[in-house]
Structures are given as C-alpha cells and as structure tokens.
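K.L.:
My request is simple: use the sequences and hints to build the entire structure.
Mind the numbering: the sequence shown is residues 130 to 499 in our numbering, read in order.
If you're looking for bench data, these hints aren't it; they were derived computationally from the structure.
Keep in mind the model is a prediction, meaning the values are calculated, not measured.
Where is the CB? At the ideal position from N, CA and C, for every residue including glycine.
Nothing false has been slipped in among the hints.
Here are the simulated distance ranges between beta carbons:
1. 278 <-> 203: 21 to 29 Å
2. 229 <-> 144: 46 to 54 Å
3. 398 <-> 312: 40 to 48 Å
4. 428 <-> 146: 42 to 50 Å
5. 482 <-> 459: 29 to 37 Å
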Amino acid sequence: MLLAAFPAYVQERFDADDITVSLMTSVFAASAIASRFLTAWLLRRIDRRHLLLVSIALAVIFTALYASAWSIDSLLLWRIGFGIGFGMASTIIPTLVSAVIPGNRIGEGIAYFGLSTSLAMSIGPLTGLNILDAYGFPTLVWLGTGVAMLILPVLLLTRALPALQPAVAHIRAGSAPRPPFPRQIAIPALLNLLLGFTYSGLLSFIALYGMSAGLPQAGLFFLFNVVAILIVRPLAGRWFDRRGPVVVLIPAALSLGGGLLVLSYATTMPMLTAAALLYGAGFGSIQPTLQAWMLRVSRPEQQGTANSMFYNSADLGIAIGSFALGALASVSDYGIMYRCSAALSLLFLLAVLYARRPVAAVATSPSIDN
Numbered sequence: 130m131l132l133a134a135f136p137a138y139v140q141e142r143f144d145a146d147d148i149t150v151s152l153m154t155s156v157f158a159a160s161a162i163a164s165r166f167l168t169a170w171l172l173r174r175i176d177r178r179h180l181l182l183v184s185i186a187l188a189v190i191f192t193a194l195y196a197s198a199w200s201i202d203s204l205l206l207w208r209i210g211f212g213i214g215f216g217m218a219s220t221i222i223p224t225l226v227s228a229v230i231p232g233n234r235i236g237e238g239i240a241y242f243g244l245s246t247s248l249a250m251s252i253g254p255l256t257g258l259n260i261l262d263a264y265g266f267p268t269l270v271w272l273g274t275g276v277a278m279l280i281l282p283v284l285l286l287t288r289a290l291p292a293l294q295p296a297v298a299h300i301r302a303g304s305a306p307r308p309p310f311p312r313q314i315a316i317p318a319l320l321n322l323l324l325g326f327t328y329s330g331l332l333s334f335i336a337l338y339g340m341s342a343g344l345p346q347a348g349l350f351f352l353f354n355v356v357a358i359l360i361v362r363p364l365a366g367r368w369f370d371r372r373g374p375v376v377v378l379i380p381a382a383l384s385l386g387g388g389l390l391v392l393s394y395a396t397t398m399p400m401l402t403a404a405a406l407l408y409g410a411g412f413g414s415i416q417p418t419l420q421a422w423m424l425r426v427s428r429p430e431q432q433g434t435a436n437s438m439f440y441n442s443a444d445l446g447i448a449i450g451s452f453a454l455g456a457l458a459s460v461s462d463y464g465i466m467y468r469c470s471a472a473l474s475l476l477f478l479l480a481v482l483y484a485r486r487p488v489a490a491v492a493t494s495p496s497i498d499n
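P.N.:
Here's what the structure looks like:
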C-alpha cells in the first residue's frame with residue numbers, strides 16, 4: 130500500500146531528485162534481503178510462531194513511525210526497520226505454506242498461494258496512490274499500520290503450524306559436504322532478479338511517469354495488472370506441473386517485455402490498460418513458475434533457504450533496479466527508462482534458452498521430496 134506512494138510523497142515533501150526517490154525502495158529491499166539470511170537460520174532454532182510474531186510487530190511499529198519522519202534520513206531509517214520485519218515474515222510464511230503442498234502439485238499450490246501476494250502487490254499500490262492523493266500521507270500511514278495489525282489476530286487464531294522436516298545431518302565419510310542449497314537454484318534466482326528489476330520501475334516511478342505523460346490516473350495500471358494476474362496464475366501453475374518451466378517462461382517473457390514497451394509510449398488510458406494487461410500476464414506467469422521451480426529442486430529441509438533465496442533475488446532486483454532506473458531517468462526521461470527495462474526481457478529469454486536443457490529435467494521430476 131505504501132511502497133508505490135513513497136516516491137510521490139518524498140518528491141513532493143522533500144523536493145527530492147529521482148536518485149533519492151529510488152533509495153526509498155532500494156534501502157527497504159536491501160534490509161529485507163539481509164534479514165532473510167538470518168531468518169532462514171533461525172527457522173530451525175526458534176519457535177516459528179514467536180519468530181513470525183516478532184516480524185509482524187516490527188512491521189507494525191516501523192510503519193507507524195513513518196508519520197513521525199522529519200527528514201529523508203529518518204524516513205530511510207524507518208524503511209530499514211520495516212524491511213527487516215518484512216524480510217522475516219516473507220521468509221517464514223511461504224516456508225510454512227510449501228510444507229503442506231504435495232510435491233507433485235507444487236506449481237499449482239504455489240500459484241494459488243501467490244495470488245495473495247500478487248493481489249497485494251497490485252491492489253496495494255493502487256489503493257495507496259489514491260489515498261495519498263485524496264487524504265494525504267499521514268492517513269495512508271495509519272491505514273497501513275491498521276492493515277499490518279490485522280495479521281496478528283489471524284496468526285493467534287492459527288492452532289497449529291506445519292512441521293518442517295529436519296535437516297539430514299549424516300554425511301558419508303570422506304565425501305564433500307552438501308551445499309546448503311542445490312546449484313539448480315542459481316538459474317531461477319537470476320531470472321527472478323531480472324523480474325524484480327523490471328517491477329522496480331513500476332513501484333518507484335509509475336506515479337511520476339503518469340504526471341509527466343498527462344496520465345493522472347496512472348495508478349490504475351495496477352488494477353488492470355491484477356486482472357491479468359488473476360487469470361493467468363492458476364493456468365501457469367498447472368502448465369508448470371505438466372510441462373515444466375520453459376513452456377511457461379518463454380511466452381511470459383515476451384508478454385512482460387511487450388507490456389513495458391507499450392507503457393514507455395503510453396499517452397492515453399487505453400495504451401496504459403494494454404500495457405498493464407500484457408505486463409500482468411507475463412509477471413503473473415513468471416513469478417509462481419520461478420518459485421515452484423526453486424522449491425521442486427530443493428530437498429524438504431532446504432525449502433526455507435529456497436524461499437529465502439526466491440524473495441532475496443526479487444528484492445535484490447528491486448533494489449538494484451530502483452537505483453539504476455532512477456539514475457537513468459535523471460539523465461533521460463521515464464519513457465526511455467521503461468524501454469531499457471523492456472530490453473531486459475530479451476536477456477531473460479536468453480537465460481531461459483541457455484538453461485533449457487538442464488531445465489527439461491524439472492518437467493519430468495514430480496518431486497524430490499522422496
């Protein structure tokens with residue numbers, strides 16, 4: 130709700146340039162990444178319910194503190210604190226979910242679970258931008274705090290959390306220790322980083338782009354985006370389970386790049402709508418496919434680490450993308466910035482095609498849980 134509204138607020142309140150605006154997203158993403166490394170380790174050592182309560186409490190506290198920010202520095206500090214809480218929660222919750230999904234339906238299960246994330250990532254920015262415009266930043270902050278607090282009673286009403294399978298401690302004598310995560314995760318993690326890079330341009334600059342292009346309702350991009358996501362996500366999950374990731378990723382990457390390209394030239398609402406539908410179809414197919422791919426090639430005791438790497442790679446892409454695209458926009462314009470972002474879909478396609486042969490094995494392996 131607050132992520133997309135931050136750039137517009139910071140630019141208006143503190144007269145910040147594009148690079149400073151991009152730091153609001155980059156610092157948040159970087160702190161979330163750092164916290165996930167610790168959280169993946171703590172998941173095996175601390176009661177998960179208590180750990181999740183701590184993460185939600187941090188998110189609530191630092192969201193409320195946004196209203197007291199008196200400078201860019203103080204706002205960045207609160208962003209770091211919120212990022213830590215968010216990073217912890219976004220590691221714990223998906224790990225608990227993946228523990229109850231059958232291995233041969235991991236793609237479909239993650240796709241349905243991911244609908245909640247996609248709805249939040251699309252409806253949240255739209256709602257936040259509208260509230261910021263109509264009622265101001267303090268009202269947005271207190272509404273965001275209230276929404277975060279709603280998680281606590283839901284968590285307390287949960288009677289039992291699924292058990293995580295213990296790590297396999299025994300290793301044959303003389304054999305090399307097994308890595309903490311399978312090497313096959315590197316490919317989807319790289320692809321997820323590229324996806325996060327493209328999404329950062331929307332989170333950080335869609336409102337500012339709308340102002341410069343004469344589209345005051347640019348926040349509606351997220352509404353049409355979520356419509357496409359709701360349609361394609363379940364289909365993408367079933368296709369992954371039956372055919373593997375490549376069949377899903379190639380057309381999705383083309384749709385993603387096409388959406389960004391149309392957006393870069395958008396001057397009317399029909400063009401903005403077309404861009405949102407194309408991008409949403411691509412994003413809604415790619416994101417659950419990459420997460421399911423990473424979980425499928427991971428052993429049960431590695432799934433906390435796999436989920437951590439999934440969200441870390443996305444946030445790393447957002448952190449790098451926000452800063453890089455902000456720097457590009459400061460020396461060119463938002464249209465050129467989005468066209469350069471669209472070009473990353475070609476790099477995405479090349480990476481998928483390069484990995485096509487080893488990826489084929491994922492399609493024929495129902496699960497590695499056994």
